[in-house]
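Given chain V, work out where chain A should sit, using these hints.
For the record, the sequence lines run as chains V and A. Quick note on my numbering: the first sequence kicks off at 1 and runs consecutively. Quick note on my numbering: the second sequence kicks off at 1 and runs consecutively.
It is worth saying that the hints were derived from the structure and are not from the lab. Honestly, I wouldn't trust all of these hints.
Copies of the same chain are indistinguishable here, so a pair counts whether it falls within one copy or spans any two.
Claimed, not checked - When the alpha-carbon atoms are kept at most 27 angstroms apart in a straight line, the in silico DSS-like pairs for lysine-lysine are as follows: (1) 433 - 12; (2) 492 - 564; (3) 442 - 564; (4) 12 - 126; (5) 33 - 97; (6) 63 - 33; (7) 509 - 579; (8) 564 - 2; (9) 12 - 262; (10) 470 - 564; (11) 2 - 63; (12) 2 - 123; (13) 276 - 350; (14) 357 - 262.
Just so we're clear, the structure is a prediction, and the values are computed from it rather than from any experiment.
Protein chains: 2
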Amino acid sequence: MKASQFFISTLKEAPAEAEIISHQLMMRAGLIKRIGSGIYTYMPMGLRSVRKVEQIVREEMNKAGAIELLMPAVQPAELWQESGRWEQYGPELLRFKDRHARDFVVGPTHEEVITDLVRRDFKSYKQLPVNFYQVQAKFRDEIRPRFGVMRGREFIMKDAYSFDKDEAGMKVSYDKMFNAYMTIFNRLGLNFRAVAADNGSIGGTGSHEFHVIAETGEDDIVYNLNSDYAANIEAAEAVALVSERAEPQQTLEKQHTPNMGKCELVAEFLNIPLVKHLKSVVLAAEQVNENGEAVTQIVLVLLRADHQLNEVKLSKLPGLSTTRMATEDDIMQAFNTKPGFIGPVHPAQKVLVVADKTVANMSDFVCGANEVDYHFTGVNWGRDLPEPDLVADVRNVVAGDPAPDGNGTVDICRGIEVGHVFQLGTKYSEAMKATFLDENGKPQPFVMGCYGIGVTRILGAAIEQNFDAKGILWPAAIAPFEVVICPVGADKNEQVRYETNNLYNDLLKEGVDVILDDRGERPGSMFADWELIGVPHRVTIGDRGLKEDGMVEYRGRRDEAATKLLPEDVAAHVLAQLKAS
Amino acid sequence: MKASQFFISTLKEAPAEAEIISHQLMMRAGLIKRIGSGIYTYMPMGLRSVRKVEQIVREEMNKAGAIELLMPAVQPAELWQESGRWEQYGPELLRFKDRHARDFVVGPTHEEVITDLVRRDFKSYKQLPVNFYQVQAKFRDEIRPRFGVMRGREFIMKDAYSFDKDEAGMKVSYDKMFNAYMTIFNRLGLNFRAVAADNGSIGGTGSHEFHVIAETGEDDIVYNLNSDYAANIEAAEAVALVSERAEPQQTLEKQHTPNMGKCELVAEFLNIPLVKHLKSVVLAAEQVNENGEAVTQIVLVLLRADHQLNEVKLSKLPGLSTTRMATEDDIMQAFNTKPGFIGPVHPAQKVLVVADKTVANMSDFVCGANEVDYHFTGVNWGRDLPEPDLVADVRNVVAGDPAPDGNGTVDICRGIEVGHVFQLGTKYSEAMKATFLDENGKPQPFVMGCYGIGVTRILGAAIEQNFDAKGILWPAAIAPFEVVICPVGADKNEQVRYETNNLYNDLLKEGVDVILDDRGERPGSMFADWELIGVPHRVTIGDRGLKEDGMVEYRGRRDEAATKLLPEDVAAHVLAQLKAS
Numbered sequence: 001m002k003a004s005q006f007f008i009s010t011l012k013e014a015p016a017e018a019e020i021i022s023h024q025l026m027m028r029a030g031l032i033k034r035i036g037s038g039i040y041t042y043m044p045m046g047l048r049s050v051r052k053v054e055q056i057v058r059e060e061m062n063k064a065g066a067i068e069l070l071m072p073a074v075q076p077a078e079l080w081q082e083s084g085r086w087e088q089y090g091p092e093l094l095r096f097k098d099r100h101a102r103d104f105v106v107g108p109t110h111e112e113v114i115t116d117l118v119r120r121d122f123k124s125y126k127q128l129p130v131n132f133y134q135v136q137a138k139f140r141d142e143i144r145p146r147f148g149v150m151r152g153r154e155f156i157m158k159d160a161y162s163f164d165k166d167e168a169g170m171k172v173s174y175d176k177m178f179n180a181y182m183t184i185f186n187r188l189g190l191n192f193r194a195v196a197a198d199n200g201s202i203g204g205t206g207s208h209e210f211h212v213i214a215e216t217g218e219d220d221i222v223y224n225l226n227s228d229y230a231a232n233i234e235a236a237e238a239v240a241l242v243s244e245r246a247e248p249q250q251t252l253e254k255q256h257t258p259n260m261g262k263c264e265l266v267a268e269f270l271n272i273p274l275v276k277h278l279k280s281v282v283l284a285a286e287q288v289n290e291n292g293e294a295v296t297q298i299v300l301v302l303l304r305a306d307h308q309l310n311e312v313k314l315s316k317l318p319g320l321s322t323t324r325m326a327t328e329d330d331i332m333q334a335f336n337t338k339p340g341f342i343g344p345v346h347p348a349q350k351v352l353v354v355a356d357k358t359v360a361n362m363s364d365f366v367c368g369a370n371e372v373d374y375h376f377t378g379v380n381w382g383r384d385l386p387e388p389d390l391v392a393d394v395r396n397v398v399a400g401d402p403a404p405d406g407n408g409t410v411d412i413c414r415g416i417e418v419g420h421v422f423q424l425g426t427k428y429s430e431a432m433k434a435t436f437l438d439e440n441g442k443p444q445p446f447v448m449g450c451y452g453i454g455v456t457r458i459l460g461a462a463i464e465q466n467f468d469a470k471g472i473l474w475p476a477a478i479a480p481f482e483v484v485i486c487p488v489g490a491d492k493n494e495q496v497r498y499e500t501n502n503l504y505n506d507l508l509k510e511g512v513d514v515i516l517d518d519r520g521e522r523p524g525s526m527f528a529d530w531e532l533i534g535v536p537h538r539v540t541i542g543d544r545g546l547k548e549d550g551m552v553e554y555r556g557r558r559d560e561a562a563t564k565l566l567p568e569d570v571a572a573h574v575l576a577q578l579k580a581s
Numbered sequence: 001m002k003a004s005q006f007f008i009s010t011l012k013e014a015p016a017e018a019e020i021i022s023h024q025l026m027m028r029a030g031l032i033k034r035i036g037s038g039i040y041t042y043m044p045m046g047l048r049s050v051r052k053v054e055q056i057v058r059e060e061m062n063k064a065g066a067i068e069l070l071m072p073a074v075q076p077a078e079l080w081q082e083s084g085r086w087e088q089y090g091p092e093l094l095r096f097k098d099r100h101a102r103d104f105v106v107g108p109t110h111e112e113v114i115t116d117l118v119r120r121d122f123k124s125y126k127q128l129p130v131n132f133y134q135v136q137a138k139f140r141d142e143i144r145p146r147f148g149v150m151r152g153r154e155f156i157m158k159d160a161y162s163f164d165k166d167e168a169g170m171k172v173s174y175d176k177m178f179n180a181y182m183t184i185f186n187r188l189g190l191n192f193r194a195v196a197a198d199n200g201s202i203g204g205t206g207s208h209e210f211h212v213i214a215e216t217g218e219d220d221i222v223y224n225l226n227s228d229y230a231a232n233i234e235a236a237e238a239v240a241l242v243s244e245r246a247e248p249q250q251t252l253e254k255q256h257t258p259n260m261g262k263c264e265l266v267a268e269f270l271n272i273p274l275v276k277h278l279k280s281v282v283l284a285a286e287q288v289n290e291n292g293e294a295v296t297q298i299v300l301v302l303l304r305a306d307h308q309l310n311e312v313k314l315s316k317l318p319g320l321s322t323t324r325m326a327t328e329d330d331i332m333q334a335f336n337t338k339p340g341f342i343g344p345v346h347p348a349q350k351v352l353v354v355a356d357k358t359v360a361n362m363s364d365f366v367c368g369a370n371e372v373d374y375h376f377t378g379v380n381w382g383r384d385l386p387e388p389d390l391v392a393d394v395r396n397v398v399a400g401d402p403a404p405d406g407n408g409t410v411d412i413c414r415g416i417e418v419g420h421v422f423q424l425g426t427k428y429s430e431a432m433k434a435t436f437l438d439e440n441g442k443p444q445p446f447v448m449g450c451y452g453i454g455v456t457r458i459l460g461a462a463i464e465q466n467f468d469a470k471g472i473l474w475p476a477a478i479a480p481f482e483v484v485i486c487p488v489g490a491d492k493n494e495q496v497r498y499e500t501n502n503l504y505n506d507l508l509k510e511g512v513d514v515i516l517d518d519r520g521e522r523p524g525s526m527f528a529d530w531e532l533i534g535v536p537h538r539v540t541i542g543d544r545g546l547k548e549d550g551m552v553e554y555r556g557r558r559d560e561a562a563t564k565l566l567p568e569d570v571a572a573h574v575l576a577q578l579k580a581s
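Chain V on its own, in the form it takes in the complex (with noise of 0.2 angstroms):
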């Protein structure tokens, strides 16, 4: 490719409204065009590397099994109204009437449709397993479109979708996607991480997420850099940090301390160590009893003062899917005081005390007294207070607890979440009727996954990982470009042209994707496009190089200097560092 024939349009600054790196590189490198909110049009060069990334997906999903089809992007409602999400989807999900006042969505995803088409195509178990998997312009409307390309409304979406005939076939087939995943994101050159995940709203019965890895993440990672044990934190799970329960030593005291309803201000006035205190969490469960009414559950949850409460993992526990922070009245009521200095030991009215697994294990801990202005000290299980109603897993790891593998401990790092893989079980194809008869001649529903990764989105977090003051540092597998050659001094110096076509054509003929420069560009705009696209390999034919010394410019974009070469050793270099990136 010659410049002059392509599109190149860089920008000095970034528009305002670019938050974050990747944003403002795309923009400033000329990758992407706002349109309008989360729409983009991507230009040219952003084009170039979508399809490299497309073209990878492609490659690994076809040689994992998976079948490529196209689904339309336009579905009727009837299909989301079996499934039950057309109630379920929030305004994320874009509905409109076509001329007839017929329903329609415009598909964030595609469950529904390959659903209904698998269950009309496929009878029997013979015919299983299959994986059909499209890469397709999807909508969303989400609610506050930012970060460019990482929070659009349209984007481009790999999705695949396994029907097998029985739980142990979903698992083979979600393995498979599994490694298809990791071997697709080591393709792409990127730092990244697979984590087990929540499932959140989709449903089903396991799944992991994959995550590049960038200080720029929305997601917390926890991870053991001694094993592949990696977790979404909403996931991961958190082990007891006391193994067991200790004797009491010391008797129950109530404690004076004034104005102090933080842990913190405590353990400092009482000079008893943080980690000896508990933190009290009070929800309000909307619940059914058992004459079917509807009534509101108190819950007191309790971690170590200096530990988190996970939702996610409290969401799982019985009864407790939908809770909300506790009001004052609640409070009030429950335990006739104020926030800071409500405790588990005698409230007012009973309530459902749940605790994490590590406070179920202290002994001689601190906690509020249900009394302003005092705390409990020396307070211990059983002997103070009736053993929790439950004992459960619902706070965040923190950097430094046990791997639940055993091995070590974890850290935690930031992650941009760019794939998914789910086993969504019978979810769809209860909802929607689809079935294959099996081995016995009876109706079964198949046993779904579904696989996702996001192609567009990907583009930005392999930026959010890998740039520089000077712009974007391409894996060399998706950059626009794989090598720039940048003649200087070409219109007065036959050479330069000579040695520049030269360079060009050797590296066409190897099935190098080599752009030439030929624009005309000042050296210092030349090279400046060049380090903000993040082109990997640059070569410079400069007229003052060959005359001096008859050499040739190479460096690498991540390099200190630049390597000087003979013009003909220049082609197999390139051809060197290409093989070795």
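Chain A in isolation, oriented as in the chain V frame:
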């Protein structure tokens, strides 16, 4: 590809709603599945052909200097309000409000988005010309979707937009696209014609349509077998069939023609050839007079009796852009008679007389006498009635007409429109104030062209042109697979398995797009599947053939019979056939 790892689903019968052969065959061959009215999934088999079309289109667009990008499907209404199409476009345009109640469209085309993009990035004539294209799913809410992918609501289109500094530059860009389209449709292996077209509602100054020739086409194409001349019947020039007006030979006579309201009856009754008769078409045009008042102008269009009115041509005459059929009242008032006996001689009121070019040169003709049951014979312009107010080409061409290029006569066939190139001019750039600075530093509107190809429609058109009783006859370039290998008796014959795998691997090594049918189907149903799907080349490796004479069979999809070959010769034979096709 092995069939067992692919998805093949054929039907014996097409669904009832499939009215035309391409729709029937695409459904039966499992290329598409219907999801809703005019909305289809491209199944793996169909998607392969779609991708092959896309690939050829991309290659030729790139060669012609067009640059690929990808605009969003969802577009802000503001852009459509600027261009005026928000009001002009009918219910085919999918409009919706997002969650913040802002108006959007799902783009049926992208003139607005690309014009907005170019006006923001292109400031100088030095940056021109430029031509951007994309390949994308579009949505048009057709009132009556039908014919499968031929008139669907969601479809894949390649749309390109060129921007030039002046008319001459735009014509160069247009010609490049025209030539690229010629190459594309030739490479696709289709019998097609580039035809001069009417511009339709998109506006602009010149356009060509690309039609695949097929009996079932919706458009009449006028073409010259002896030259490149071709035009849509809406636009095809009809020359005067009488080169100059002869001197009157007859006197005007009023003839009693009882109950003969049709020219054919009058011609037979009077024993005067039909080509001597005029047909009168009465229309009403809503016009504005010199005082700015709305007035209804009655228009009498005169055609030779064997000709048909061309409304598109008529609508381009001054004051006649919008006309309607006259009512019986209009006619009674203007002609004091009933339809069937109307003529240009002494109407009751002054009417606008528009004579087709042929009519203007006729003499001694027959026409209605503006009196029920009477016609005139021996009528002559000037002598018996004033010269017509307007002489113009207002008729449809008929087969056998002299070609407008002077080269013999024209014929008429039916075509399916699969591509369209438009000279848009400054329609959008003026409406949207999209300007650049010219050589003198003055702002000028971009001069635009736009160029569309109906990617998915091409599949339907290719099938309408290429099918037989057994199924599809794909052109080699866009067949889902080039070659199918059908082993027979592989389960019980080691040699069948050996030769099959040998050939399969040999063809793969040569880069042939081959599918090996390892499903274990019975031969009859296996052959029927591949004839229906229309793979152009088939090799059958049968245990009987190998045992009897050591031969395997090659058969082209259009061949009358199979060719017997030694297993060691078959790969070379297939490669030769592929080269020849």
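Quick one: residue 276 to residue 350, C-alpha cut-off 27 angstroms, is that within a copy, between copies, both, or neither?
-> within (25 angstroms within a copy, 107 angstroms between copies)
State whether the alpha carbon distance between residue 12 and residue 262 is at most 27 angstroms within one copy, between copies, both, or neither.
-> neither (48 angstroms within a copy, 76 angstroms between copies)
First find the shortest C-alpha distance between residue 12 and residue 126 inside one copy, then the shortest across copies, and answer within, between, both or neither for a cut-off of 27 angstroms.
-> between (60 angstroms within a copy, 21 angstroms between copies)
Please work out whether the CA atoms of residue 509 and residue 579 approach to 27 angstroms or closer within one copy, between two copies, in both situations, or in neither?
-> Result: close both inside a copy and across copies, 16 angstroms intra and 24 angstroms inter.
Could you place residue 2 and residue 63 in one of the four classes (within, between, both, neither) given a Cα distance threshold of 27 angstroms?
-> between (34 angstroms within a copy, 12 angstroms between copies)
State whether the alpha carbon distance between residue 33 and residue 97 is at most 27 angstroms within one copy, between copies, both, or neither.
-> The answer is between: 22 angstroms across copies meets 27 angstroms, while 30 angstroms in one copy does not.
Should residue 433 paired with residue 12 be assigned to within, between, both, or neither, using CA atoms and 27 angstroms as the limit?
-> between (57 angstroms within a copy, 26 angstroms between copies)
Homo-oligomer pair classification [residue 564, residue 470; C-alpha up to 27 angstroms] = within (22 angstroms within a copy, 66 angstroms between copies)
Under a CA distance limit of 27 angstroms, which applies to residue 357 and residue 262: within one copy, between copies, both, or neither?
-> within (22 angstroms within a copy, 98 angstroms between copies)
If the cutoff is 27 angstroms on CA atoms, where do residue 63 and residue 33 land: within, between, both or neither? Let me know, please.
-> For residue 63 and residue 33, the Cα distance is within 27 angstroms only across copies (25 angstroms; inside one copy 34 angstroms).
Using 27 angstroms as the alpha carbon limit, work out where residue 2 and residue 123 are close: within a copy, between copies, both or neither.
-> between (53 angstroms within a copy, 21 angstroms between copies)
Go through the copies and call it for residue 564 and residue 2: within, between, both or neither, with a Cα cutoff of 27 angstroms.
-> Answer is within; shortest intra-copy Cα gap is 24 angstroms, inter-copy 51 angstroms.
This entry does not satisfy hints 3 and 9, going by the numbered hints stated previously.
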